[in-house]
Amino acid sequence: ELDGLEVPGKALAGSRLQAEIAIRQNGFGGRRARLVVHGGGALLASRDITLAGETQTETIEFSAGMAGVENIEAKLEPLPGETNPKNNQLTRVVSVDSAKRRILYVEGEPRWDYKFLRRAVEDDPALQVVSMLRTTQNKIYRQGIANANELVEGFPSKAEDLFGFQGLILGSVESSFFTVTQQQLMRDFVDRRGGGLLFLGGRWALADGGYNVPPFAELLPVHLPVRKNTFQRTFVAAELTDAGKKSLTCRIEDDPEKSVQHWEVLPYLANYQNPGTPKPGAVVLAQVDAGGSRLPLLVTENYGRGRTAVFATSGSWRWRMQQPVGDNSQETFWRQLLRWTVSATPSQVVASTSHTHLEDDGRIQLRAEVRDATYLPANDADVEARVIAPDGSSMTVPLRAAPLTEGIYSAEWNAAQTGSYLVEVNAKRGTQKLGSDVMTFRRDDGVAEHFHREQNRELLEKLAGETGGRYYRPGEARHLADEIAYSEAGITSHDLKDLWDMPAVFLAMLGLRAAEWLLRRRWGVI
6 ELDGLEVPGK ALAGSRLQAE IAIRQNGFGG RRARLVVHGG GALLASRDIT
56 LAGETQTETI EFSAGMAGVE NIEAKLEPLP GETNPKNNQL TRVVSVDSAK
106 RRILYVEGEP RWDYKFLRRA VEDDPALQVV SMLRTTQNKI YRQGIANANE
156 LVEGFPSKAE DLFGFQGLIL GSVESSFFTV TQQQLMRDFV DRRGGGLLFL
206 GGRWALADGG YNVPPFAELL PVHLPVRKNT FQRTFVAAEL TDAGKKSLTC
256 RIEDDPEKSV QHWEVLPYLA NYQNPGTPKP GAVVLAQVDA GGSRLPLLVT
306 ENYGRGRTAV FATSGSWRWR MQQPVGDNSQ ETFWRQLLRW TVSATPSQVV
356 ASTSHTHLED DGRIQLRAEV RDATYLPAND ADVEARVIAP DGSSMTVPLR
406 AAPLTEGIYS AEWNAAQTGS YLVEVNAKRG TQKLGSDVMT FRRDDGVAEH
456 FHREQNRELL EKLAGETGGR YYRPGEARHL ADEIAYSEAG ITSHDLKDLW
506 DMPAVFLAML GLRAAEWLLR RRWGVI
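The numbers in the numbering used here rise by one with no breaks, and the one at position 340 of the sequence shown is 345.
Bear in mind the hints are in silico, worked out from the structure with no lab data behind them.
Each hint should be verified, as a subset may be incorrect.
[As the list claims (entries may be wrong)] Think about it this way: if two alpha-carbon atoms lie no more than 30 Å apart in a straight line, the pair counts; the simulated DSSO-like pairs of lysine-lysine are:
#	residue 1	residue 2
1	K163	K433
2	K80	K15
3	K120	K105
4	K163	K120
5	K233	K144
6	K251	K163
7	K144	K105
8	K433	K105
9	K284	K251
10	K251	K120
11	K251	K80
12	K105	K163
13	K251	K263
14	K80	K233
15	K438	K105
16	K250	K263
17	K15	K263
18	K251	K15
19	K233	K284
20	K120	K263
21	K105	K250
22	K105	K15
23	K15	K233
Please put together the full structure from these sequences, using the hints given.
Listed below in structure tokens is the structure:
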């Protein structure tokens, strides 16, 4: 049976998603089975697996597809001899977002990677790179801006301006380029706003750019070297670590094994930079062999509500220039990396539910976290949820502020119908709209009984022990009839009734009085 199915509840359009499927079996060890994933009536992915121990976890990847709400069904095709195939499938709901994520890219000098990075993502429907390129000491060239006034005064100095982006890239630009206020804003951008920050290698980047000072030293997923001259113009090969081989961020082919093989034949990087040592909790996805010593190349880490990463080179342009025209590995890598950078960035309103999947019981809590334009908790907002049921009907549910937690609003609701639900949460302060978010959940009735049907002996023995009873194995059941009469376990109840309401007692008492009268008459006492 399928014991669990984990898929992201939200995704960017066209993203690669990974489903984690827990499998339990008994008596089918060593057998081959086919694992399939369907969505929208179409086959999204499939592969053959070998059933190993009683429990195992398998991952399978598929495309999120276009924007909308999709029912994702994972299924293990039945094997001969199965008596309960209904527990071989599970369904979850994924909301695919079509909104573009805006990324601010600050570059301190014209260089090849700047051009190839922008070109790699210009056709991505989910990403928009807004760039600031320093062409001379006092001149900035802007690209991808929303209007003529955006970034006209340089890097944002106000939270509401910087927090309008979901991601931030710092290229070969020294830390002193930013004011103290701007540096603190970048920390708040990641920690409070929940944005993604990507540091690139370069001759004015990382340790060579003076980034080993707060707040950058806190934001970086590595401890930078104390020395300078860490940027080297030497050809090096990029190698995936074990974590990188499993990560979707480094996936440049649909097939995981082919992706690893493709990495092994990628052209050399044009340069590399020593980023130092990874911090505890950081994940090294790729590395380079620099003169016999391996240095981290791509390192990621979660920070506050956001995430940070280092890609310690500016020479990945050779992955485009030194390969056949039809090879898109360079574009795919940058799209995957930038999607990772912004995919988890929250909006001002973040909606969630107490459960993403309900079974037989429709009670659920709708919850929303609401923040203002500076991403501070908004405690005076009007928040409501519009719930669209499986049959297309809708209703509005007001959310109330939680008394003990700032910016949190919630409501209890009952999902009466079976199927997938779509919930749109809107928040406003007076006439000002703060934002909105979409969440999904699903209710299935009559399915829980098909799962975990095996005997829970530990629970039965515990119940028997706590109630003064006994657990009988099949071979001991013949003693049950003899021993049950002597059991001290059981429940005794007392029922109090009036004697006058019982005819038998009344007649008995009347008979006693009549017998007394007859005896007295016979004895002559009357």
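Right, here's what the structure says about each hint:
{"no.": "1", "hint": "K163 with K433", "result": "holds, 22 Å"}
{"no.": "2", "hint": "K80 with K15", "result": "holds, 21 Å"}
{"no.": "3", "hint": "K120 with K105", "result": "holds, 20 Å"}
{"no.": "4", "hint": "K163 with K120", "result": "holds, 28 Å"}
{"no.": "5", "hint": "K233 with K144", "result": "holds, 27 Å"}
{"no.": "6", "hint": "K251 with K163", "result": "violated, 39 Å"}
{"no.": "7", "hint": "K144 with K105", "result": "holds, 28 Å"}
{"no.": "8", "hint": "K433 with K105", "result": "holds, 22 Å"}
{"no.": "9", "hint": "K284 with K251", "result": "holds, 20 Å"}
{"no.": "10", "hint": "K251 with K120", "result": "holds, 29 Å"}
{"no.": "11", "hint": "K251 with K80", "result": "holds, 22 Å"}
{"no.": "12", "hint": "K105 with K163", "result": "holds, 22 Å"}
{"no.": "13", "hint": "K251 with K263", "result": "holds, 12 Å"}
{"no.": "14", "hint": "K80 with K233", "result": "violated, 55 Å"}
{"no.": "15", "hint": "K438 with K105", "result": "holds, 19 Å"}
{"no.": "16", "hint": "K250 with K263", "result": "holds, 10 Å"}
{"no.": "17", "hint": "K15 with K263", "result": "holds, 27 Å"}
{"no.": "18", "hint": "K251 with K15", "result": "holds, 20 Å"}
{"no.": "19", "hint": "K233 with K284", "result": "holds, 20 Å"}
{"no.": "20", "hint": "K120 with K263", "result": "holds, 28 Å"}
{"no.": "21", "hint": "K105 with K250", "result": "holds, 28 Å"}
{"no.": "22", "hint": "K105 with K15", "result": "holds, 14 Å"}
{"no.": "23", "hint": "K15 with K233", "result": "violated, 42 Å"}
Hints 6, 14 and 23 from the earlier list are contradicted by this structure; the remaining hints agree with it.
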